[in-house]
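Chain W is already provided as a structure; the job is to place chain E on it using the hints.
Number of protein chains: 2
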Amino acid sequence: MLELPQLLRRKLFYQGRKFAYEINRYRLPNKVEAELECIRHPGGALVVPVTASGDLILLRQYRFTIQRRILEFPAGTIESGETALSTADREVQEESGYKAGTIRQIGDIFLAPGYSDEMVTIFLATELEKMETPPLQDEDEDIEVLTMTPIAVEQAIRSGDITDSKTISAFMMVRHLVMV
Amino acid sequence: MLELPQLLRRKLFYQGRKFAYEINRYRLPNKVEAELECIRHPGGALVVPVTASGDLILLRQYRFTIQRRILEFPAGTIESGETALSTADREVQEESGYKAGTIRQIGDIFLAPGYSDEMVTIFLATELEKMETPPLQDEDEDIEVLTMTPIAVEQAIRSGDITDSKTISAFMMVRHLVMV
Numbered sequence: 003m004l005e006l007p008q009l010l011r012r013k014l015f016y017q018g019r020k021f022a023y024e025i026n027r028y029r030l031p032n033k034v035e036a037e038l039e040c041i042r043h044p045g046g047a048l049v050v051p052v053t054a055s056g057d058l059i060l061l062r063q064y065r066f067t068i069q070r071r072i073l074e075f076p077a078g079t080i081e082s083g084e085t086a087l088s089t090a091d092r093e094v095q096e097e098s099g100y101k102a103g104t105i106r107q108i109g110d111i112f113l114a115p116g117y118s119d120e121m122v123t124i125f126l127a128t129e130l131e132k133m134e135t136p137p138l139q140d141e142d143e144d145i146e147v148l149t150m151t152p153i154a155v156e157q158a159i160r161s162g163d164i165t166d167s168k169t170i171s172a173f174m175m176v177r178h179l180v181m182v
Numbered sequence: 003m004l005e006l007p008q009l010l011r012r013k014l015f016y017q018g019r020k021f022a023y024e025i026n027r028y029r030l031p032n033k034v035e036a037e038l039e040c041i042r043h044p045g046g047a048l049v050v051p052v053t054a055s056g057d058l059i060l061l062r063q064y065r066f067t068i069q070r071r072i073l074e075f076p077a078g079t080i081e082s083g084e085t086a087l088s089t090a091d092r093e094v095q096e097e098s099g100y101k102a103g104t105i106r107q108i109g110d111i112f113l114a115p116g117y118s119d120e121m122v123t124i125f126l127a128t129e130l131e132k133m134e135t136p137p138l139q140d141e142d143e144d145i146e147v148l149t150m151t152p153i154a155v156e157q158a159i160r161s162g163d164i165t166d167s168k169t170i171s172a173f174m175m176v177r178h179l180v181m182v
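First to last, the protein sequences are chains W and E. The numbers in the first sequence follow my numbering, run straight up by one, and end at 182. The numbers in the second sequence follow my numbering, run straight up by one, and end at 182.
Extracted from the complex, chain W is given alone in its bound form (with noise of 0.2 Å):
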């Protein structure tokens, strides 16, 4: 059930590449008035793609707001012009490479709402096929492709190897449909 927040007063807002910053002043349902800062995202689309021998496909991709490289399922802002569904396919093809022949909508997310409207939603791709000329990647991306078992997933999730909330949410939510 939505419970909009009173909006007092705008004092600043920035339209940014991929999202937008704003501070507004509130009042809240619980009557408290507060100056709150937000970044307002259209959202995101994740997806889990199961090869045909139950491997899933991760990608090691550089990361510069943390200056490493880390490991974490495909998945990309969604752009002007699609839904999550058709965002989700683009990015299985343009960072792994495969094109899915079925995705199957698994659920969504809110990666910080403490700060972020950021949903992402989560979906499950099966019957990949290897495409012999795959789309280009974004050319700020740097992203190298690789498949783990459910089980390796699961132990790297455990050893501190895999680090990304979205991910590791991610697994959670097929952990069911896709351990044997």
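To be clear, the hints were calculated from the coordinates, so they are not data collected in a lab. Hints are not guaranteed to be accurate.
Given that identical chains are not distinguished, each listed pair holds provided it fits within a single copy or across any two copies.
[Unchecked claim] Taking lysine-lysine and the DSSO-like style, the derived pairs with C-alpha atoms no more than 30 Å apart in a straight line are: (1) K13 - K132; (2) K20 - K101; (3) K33 - K13; (4) K132 - K33; (5) K101 - K132; (6) K101 - K33; (7) K101 - K13; (8) K20 - K33.
Just chain E now, with coordinates in the frame of chain W:
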């Protein structure tokens, strides 16, 4: 292993209440130059509190960003002078009203590494004692405390009743320790 991007030009910097927002032009390790937006966040701590009977304590918390109440484990931003552990200890008391006898560090996660450097350290808290006079919550918080069995948490993740990514990630990371 850290791989630093080369900072070419600072463009925008705004220091907010809980985090800073910046846009800079970088040369990435793959030589691409790009203008990239980033949230600089001091980091956070999340606690999975386990009662003597093996139940988990969660909060139903109002989030103005997404205009609704969602289920989350107690968590908060690391404040000046705090360690992740002392933040964890404080947040359990403020948000749930329990004092933890033992707090064990489980691991670190990144919430949105595409545009934020926020790292959240996950803890497991046991030997909980209900406080007679819990410390005051932050004034803009609006929180209800509840307990759920680990199986109920797993079902709530699958059914879409738990959608907070750090909460789902934390459950995945402690699942083998709390499921009996």
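Hints the structure violates: just list their numbers, smallest first.
1 and 7
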